[in-house]
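Engineer: Modelling step: build the complete structure from the supplied sequences, incorporating the hints.
Just so you know, the protein sequences line up as chains B and S, in that order.
Positions in the first sequence are counted from 1; adding 109 to them yields my numbering.
Positions in the second sequence are counted from 1; adding 3 to them yields my numbering.
Source of the hints: derived by calculation from the structure; they are not laboratory data.
Which chain S residues face chain B? A few, computed with CB under 10 Å, are given here:
hint, residue
1, 49
2, 61
3, 62
4, 72
5, 80
A virtual CB, placed ideally from N, CA and C, is assigned to each residue, including glycine.
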Amino acid sequence: MTVTDLSHVRRPVAEARGLPNAHYTDPALYAEERAALLLRQWAGLAVAADVPERGDAVPVDFLGMPLLLLRDRAGAVRVFMNTCRHRGMILVSEPRRIEGAIRCPYHSWCYATDGRLVSTPHVGGPGRNTHDAIRREELGLIEVPSAVRFGVVWINVSGDAPPFEAAMGDLLARWAEFDRDWVHGGADSRWDLTVAANWKLAVENYCESYHLPWVHPGLNSYSRLEDHYNIAVPGRFSGQGTRVYRQLRDEDGAVFPDFEGISAAWDTAAEYIAVYPNVLLGVHRDHAFAILLIPQGPERTLERVHLFYPTTGTDAGLRARNAEQWRTVFAEDIFVVEGMQRGRHAAGFDGGRFSPEMDAPTHCFHDWAAAGLETWRAMARAAE
Amino acid sequence: MAGDGPRGGMSGLDAALLAAHAAGDRAGLVRLYERAAEGAGDVDAACFFLTHAYVHALEAGDPRARHLHRRLKAQGREA
Chain B
110 MTVTDLSHVR RPVAEARGLP NAHYTDPALY AEERAALLLR QWAGLAVAAD VPERGDAVPV
170 DFLGMPLLLL RDRAGAVRVF MNTCRHRGMI LVSEPRRIEG AIRCPYHSWC YATDGRLVST
230 PHVGGPGRNT HDAIRREELG LIEVPSAVRF GVVWINVSGD APPFEAAMGD LLARWAEFDR
290 DWVHGGADSR WDLTVAANWK LAVENYCESY HLPWVHPGLN SYSRLEDHYN IAVPGRFSGQ
350 GTRVYRQLRD EDGAVFPDFE GISAAWDTAA EYIAVYPNVL LGVHRDHAFA ILLIPQGPER
410 TLERVHLFYP TTGTDAGLRA RNAEQWRTVF AEDIFVVEGM QRGRHAAGFD GGRFSPEMDA
470 PTHCFHDWAA AGLETWRAMA RAAE
Chain S
4 MAGDGPRGGM SGLDAALLAA HAAGDRAGLV RLYERAAEGA GDVDAACFFL THAYVHALEA
64 GDPRARHLHR RLKAQGREA
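Structural biologist: Right, dumping it as structure tokens:
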């Protein structure tokens, strides 16, 4: 097992160096981070809009695990291991509507949409559907703790993170005015990007504004560097805010409706926060977005982009323009994260330095990652 | 359903079941398996077919699942 020295990462920002190269390239460290940083936190899996109707079920691969995202009969979004408790068969292979029960295609054990095992045909012999050894109440689908907030379905695979409300308390307080049902913009408001980069580089690039004038000159024409401020809450999240958000308008001057009850403080403000480990959120008075970073390996990441609005029935033309605007911005970042990935193969690169003024949010993320890894390693040592 | 079941050569019911399976016609499967149970020679065979009718009804959210469950439970074959 590769064990890296993380002590320099946890130094104050002016003295710190970033995570060592191996954290971006080494499969063993990728596996360690998967366990220490991605499965033990509240990670973003999908959006609730992926399962809009009761009974909707979508199989999702998350870090090599087969999960089943579904909306149960009562309307609640749930996440289960997509695996039959009998012989481990995959239950649902394609997105579909569950009309009644989830029937395993192998021996037809059936589960209710709330995960209960409801039928075990022939388990006691032909035509005998019970057996004392097979206690249905103990053999429901394995449920993954989940929460829906900001349009996102968050999961804690290990099951040992603090409750969602506690873990996200700082963010929920900061963004209380945005803590409501976000309406997904629909098919024209979602797209995927696949980048040849470690997932952490997408976080690092997202949470700082230092690069904006160089990488996003279009944004900088109205949102200048000096209009931005840093956000860094150690151990939780980091990002940036702007004081000069300008609403998108069509030819007639029409804009999207505001989130209900939003205060004047948000008239020209917007914030962009990376919620550790893998959710990038952006909020504005009239729309929001979420980017879910789904790691595909040490050097490959799927980015799922979703735009949300305060209400249903927003104007399709304006939505398309907004999507196009964000498509351009997010595409401009690809060469950076992929370039940093290639750069991480340089022998002797020591993790890099941080501008104490401009890179505090990035260092905040590195510090969180290093702390999580140190905790994980201490637990592993204690278990030996 | 001696002479009229899966082991007794291709009957009209067999053919209909195969067609329903091929078409993914779950409502048809419920009806046909229940009919197979009616023609079964003994309780075990009947419960075998009722089980299939019940499972397909469960999967489809078909209200017939309720009475199929009752019939199986009455025979001590379902919980």
